[in-house]
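Participant: When you get a sec, could you build the whole thing from the sequences and use the hints?
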Amino acid sequence: MADEDQVQNQEQTETPEPLSVNVASVEDVGTLKKKVTIEIPEQEVNKKLDQNFGELANSAQVPGFRVGRAPRRLVEKRFAKDVREQVRLTLMAEGIQQALEKADLKTIGEPDFDMEKVELPENGPMTFAFEVEVEPEFELPSLDGIEVTEKDVEVTDKDIDEQIENIRWRLAVLEDQPEDAKVEKGDHITADMSLEVGDLPPEVRHEIDLVARDQPIEGVPFDKLDEALAGAAVGETREAGPVTVSQEHANENWRGKEAKVRIGVKKISKWRLPEANDELAKKIGFGSVQDWRDTTRTQLEARKGQQVRRDLEDQVRSHLLANTKLDLPEGLIERQTDRALVRRVIELRQMGFPEVVIRGRIDELRTGARDRVVDDLKFSFIVDKIARQFEIEVTEGEVNSLIANIAASQGRRPERAREEMMRDGSYDSVFGVLRERKVLEKLLDNAKITKAEGQAKEQK
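Numbering (this note's numbering), first residue to last: 4 to 463.
Since the hints were derived computationally from the structure, they do not count as laboratory data. Don't take each hint at face value.
[To be verified] As a list, the in silico DSBU-like pairs of lysine-lysine whose alpha-carbon atoms are at most 30 Å apart:
#	residue 1	residue 2
1	K161	K270
2	K263	K273
3	K273	K286
4	K50	K84
5	K80	K50
6	K307	K185
7	K227	K188
8	K270	K188
9	K227	K273
10	K451	K307
11	K185	K286
12	K285	K273
13	K285	K227
14	K441	K328
15	K285	K263
16	K161	K454
17	K154	K307
18	K161	K286
19	K50	K120
20	K388	K38
21	K307	K441
Facilitator: Printed below as a string of C-alpha cells:
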C-alpha cells in the first residue's frame with residue numbers, strides 16, 4: 004500500500020511534458036513586428052482532449068449515474084462543446100508560449116490575434132497565426148571614456164544674496180499706503196474693474212486684488228498694465244488696452260474681439276520686507292547674518308553639486324542616444340504616447356487650462372509626447388543592455404531604501420508607500436530608476452570629464 008501511495012505521489016508531482024509545437028513560419032510584418040504561424044500536431048490535440056475528458060469523467064454529474072461513474076462516451080457527448088472550448092483556449096495559450104521559446108523571440112507586450120477565428124479542428128492539426136512585437140537588436144557605442152563637460156559649481160555672493168532676498172519676500176507683509184500715495188510698479192491694488200469686450204455688456208468686478216504689473220484679466224492678457232496704472236491715486240480710474248482676444252479664449256463670444264479694461268483704484272498697498280540683520284537671522288534659526296550666509300552657501304554648493312551631477316548624466320544620456328542606432332516597434336510607441344498624452348492633458352486641466360485651449364493644442368501635445376516617449380524608450384533599451392553587459396543588478400535592499408527615502412520626504416510610513424506602489428504598478432519602476440542610476444554611475448566612473456575652464460581629468 005505504501006508503495007502504491009509513493010507511486011501515486013510521484014505521478015502527481017511529475018512536471019507535465021511541454022506541448023509539442025511546430026513553428027511553420029516567422030515573417031516580418033513591420034518594424035520589429037513578427038507574424039508567427041504555428042501548427043499543433045493532431046496527436047497533441049487528441050492528447051489534450053483525452054486528458055480533459057478523463058479529468059471531467061471523474062467528477063461529472065450525469066443523470067442516472069453517481070458522480071464520476073458515468074460512461075466516458077456519455078461524458079464526451081454531454082460536455083463536448085465545453086471541453087473542446089477549454090482545450091482550444093489552453094492550446095492557444097500553451098502553443099504561443101512554446102512557439103515563442105522555440106523561435107527564440109524576445110517579445111514586448113501581448114500577442115495580437117483574433118481568438119474567435121482560431122478553430123479546434125475535428126481532425127488534423129490545429130493551425131493559427133499571431134503577431135507580436137519584439138525587442139530591438141542593436142550595437143552599443145564605445146562606453147569607455149565618454150567625453151562630458153563639468154560646469155563650474157562656484158557659489159557667488161550674488162547667489163547667496165538672491166536666496167536671502169527670497170526669504171525676505173516670504174516674510175514680507177502688506178502695508179496700506181496713505182490716501183495721497185501713487186501707484187508704482189509691483190504695488191498691490193484693491194480696485195473696481197470693468198472689462199469691455201467688443202459691443203458686449205461689460206464684465207464688472209468690485210473689490211478685486213491686482214498687482215501693478217502685466218497680467219491677464221478674465222483670461223485676457225494686458226501688456227503694459229503697470230504703465231497704465233503708474234502714478235494713479237486712490238479714487239482715480241485708468242484704462243488699459245485695447246488688445247485683441249485670442250481665438251483660444253474660453254469664452255467663444257470674446258474670441259477675436261478687442262478688449263479694454265477700466266480700473267478704479269480704491270486702495271494701494273506695498274510689500275514691506277524685513278531687514279536682513281542679526282535679529283532676523285536669529286528669528287529664523289541662525290546665530291547671526293554671517294551664520295545665515297555661511298549655511299546658505301553650504302546648501303547652495305550641495306544643490307549645485309547635484310545639478311552638476313544631473314547635467315553630467317544628461318550629457319551621457321544624450322551621447323548614448325545620438326550614437327546608438329536603434330529602431331522601436333511602432334505599436335509600442337503609439338501605446339506609450341497615448342498614455343503620456345493623457346497624463347499631460349490631465350496636468351493641463353489641473354492647472355486650469357480651458358478645454359478649448361487643450362483641444363487646440365492636442366496635435367502639438369501629441370508630437371511633444373511622442374518625441375519624449377521615443378527617447379525614453381530608446382534609453383530604456385540601452386540601459387538594459389549596458390546593465391546586462393556589466394552585470395549590474397538592483398537588490399531588494401536598495402529598492403526598500405529608495406522607497407523609505409520617498410516615504411520620508413512625503414511624511415509617510417515606508418510600508419504604506421510600498422503597498423501603494425504595489426497597487427498602482429509603480430513599484431517595478433523603482434527597479435528601473437535604480438538600475439539607470441547605477442548604469443550612469445558606471446559610465447561616469449569611466450568618463451573623460453573636462454572642467455568648464457578647460458582642465459581635463461580622467462575618471463578611473
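Participant: Next step is simple, just say for each hint if it's right about the structure.
Facilitator: Each hint, compared with the structure:
For a cut-off of 30 Å, the pair hint linking K161 to K270 is broken: about 35 Å separates their Cα positions. As the CA atoms of K263 and K273 are separated by approximately 26 Å, the hinted pair is consistent with the 30 Å bound. A distance of roughly 23 Å separates the Cα atoms of K273 and K286; the hinted pair therefore holds under the 30 Å criterion. For the hint linking K50 to K84, the alpha-carbon distance of about 17 Å falls within 30 Å, and the restraint holds.
Taking the CA atoms of K80 and K50, the gap is about 17 Å. The hint holds against a cut of 30 Å. The hinted pair formed by K307 and K185 fails the criterion: a straight-line CA distance of about 42 Å is larger than 30 Å. About 10 Å separates the Cα atoms of K227 and K188, which keeps this hinted pair within 30 Å; it holds. For the given pair, K270 sits about 15 Å from K188 by alpha-carbon distance, which is consistent with the 30 Å threshold.
Between the alpha carbons of K227 and K273 the distance comes to roughly 20 Å, so the proposed pair stays at or under 30 Å and holds. At roughly 20 Å between alpha-carbon atoms, K451 and K307 fall within 30 Å of each other, so this suggested pair holds. Restraint check: the Cα-Cα separation between K185 and K286 comes to about 33 Å, which exceeds 30 Å; the hinted pair is violated. Our distance criterion of 30 Å between C-alpha atoms is met by K285 and K273, whose separation comes to about 25 Å.
A hinted pair counts as satisfied when its Cα atoms are at most 30 Å apart, and K285 with K227 does not qualify at roughly 41 Å. Proximity of K441 to K328 is assessed by CA-CA distance (about 23 Å); at most 30 Å being required, the pair is judged to hold. At most 30 Å may separate the alpha-carbon atoms for a hinted pair to count; K285 and K263 exceed this at roughly 49 Å. Distance check on the hinted pair: K161 and K454 sit about 22 Å apart at the alpha-carbon level, within 30 Å; holds.
Restraint check: the Cα-Cα separation between K154 and K307 comes to about 10 Å, which is no more than 30 Å; the hinted pair holds. Under the criterion of a C-alpha separation no larger than 30 Å, the hint pairing K161 with K286 is consistent with the structure, at around 23 Å. A threshold of 30 Å between alpha carbons decides the hint, and for K50 with K120 the separation of about 22 Å falls inside it, so the pair holds. Of the pairs offered as hints, the one joining K388 and K38 holds, with about 25 Å between alpha carbons and a cut-off of 30 Å not exceeded.
For the proposed pair K307 and K441, the alpha carbon gap of about 21 Å is at most 30 Å, so the pair holds.
In terms of the numbered hints stated before, the structure departs from hints 1, 6, 11, 13, 15, listed from lowest to highest.
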